[in-house]
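Which chain is which? The protein sequence lines are A and B, in order.
Numbering-wise (my numbering), the first sequence opens with residue 259 and increments by one.
Numbering-wise (my numbering), the second sequence opens with residue -8 and increments by one.
FYI, nobody ran anything at the bench for these hints, they're computed from the structure.
The C-beta atom is built at its ideal place from N, Cα and C for all residues, glycine as well.
Just so you know, not all the hints are guaranteed correct.
[Claimed, not checked] To be clear about the criterion: a stretch of chain A counts as covered by chain B if any three or more of its residues have a C-beta under 8 Å from a C-beta of chain B, and this derived list gives those stretches:
#1 297 to 307
#2 310 to 321
#3 352 to 359
#4 364 to 373
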Amino acid sequence: ETGVTQTPRHLVMGMTNKKSLKCEQHLGHNAMYWYKQSAKKPLELMFVYSLEERVENNSVPSRFSPECPNSSHLFLHLHTLQPEDSALYLCASSPPGGYATGELFFGEGSRLTVL
Amino acid sequence: QKEVEQDPGPLSVPEGAIVSLNCTYSNSAFQYFMWYRQYSRKGPELLMYTYSSGNKEDGRFTAQVDKSSKYISLFIRDSQPSDSATYLCAMSGNSGYALNFGKGTSLLVTP
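If we strip away everything but chain B, and leave its shape as in the complex, we get (with noise of 0.2 Å):
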């Protein structure tokens, strides 16, 4: 079972709709998950990041952890053309350096 799991797409939706994107995991030691935006041509950027469950808000982005069911979701609000991009989950534990990334969800929103 690879540890991190995140459904390529492509998610398709129209302006103005709330995107829903998802990873699950199986490492339990996993405590610190993050969200990446990645556009065409481009290196990744960090979105936001939250430790342990609970949710945590920035602008139209929410991130959401349930660490009992090994589940992160980035809920965008009022999407926009700009957000289409891939979009890529990564959680780390205790120890190392490398972070665990999903294969990234392609988003399109289209006007």
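In isolation and in its complexed conformation, chain A is listed as follows (with noise of 0.2 Å):
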């Protein structure tokens, strides 16, 4: 297998529901991203992990809880979420500095629905 690949890539789940979005790049990268795209919104970043150490963090809900056990695998951890949550995720990652020249390689995104 090459590249970025989330799984699943459809979700559904309740308000009260705890589930959890996975990543795995298998480009020898050493940065991975979490970004979330919304109907008619830019690209939105979330996290930022560079060698397993978290580096940015937008300020997002507490509800949202990543974790990244090594430089290949990326998880989204989802709990007691909003129906304004719905949204696209999209995992990526970088070679080294590839997050200034735009160097990401996303994943096919993982489609998130709570009711």
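Two chains, two frames, a set of hints: combine them into the complex.
Take a look at the structure:
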């Protein structure tokens, strides 16, 4: 397998559920990202991990909890979400310095619907 | 004022046309400028990036940056139906990990 793989591709959950999104990259990159893509809005950066250390957290509500156990895997744990959290959640990875030049490699996304 | 403005379209052109996609921005600290293409139900993929002002060409695609006007463009020559996608501009400054994205322009190239 190559590139950035996200699972599940689609997820429907109630407001009281707990679920997790998974991302795996096979590119040997050292940074991984979670982005949120909502209709008619620009992509929003949620979290950045560099060398498995969280380096940026853009004022994301605590109901979203990231985890990066190693440089190839990234999780987004979801708990007590709101309907307005329904969106496409994109994982990306980059080589060193790639965040500046935009050399991000995105997965296909996990489409989340919160009922 | 939003940091990055991009007309969402949709933009519909016939096959073979020259397409011009544009973004404006307000933050003069931006130094890197990127264009991504996103097909339906896929993640964005980087087409090209440029540093500071100037032009960059890659096959049928040309990126242009005018920092004095805070205006960037992507030109697609000899457009093909396979170019139908949403095109996102993005830019970054000298600090932080966040890219500043436009909302994307939806392009449809009709045979």
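A quick look at each hint next to the structure:
1. 297 to 307: Result for this restraint: holds, n = 6.
2. 310 to 321: Holds: 3 residues of the region 310 to 321 of chain A have a Cβ under 8 Å from chain B.
3. 352 to 359: holds (count 3)
4. 364 to 373: Contact hint for the region 364 to 373 of chain A vs chain B: holds, 4 residues under 8 Å.
Going down the numbered hints, you'll see the structure goes against none, and every one checks out.
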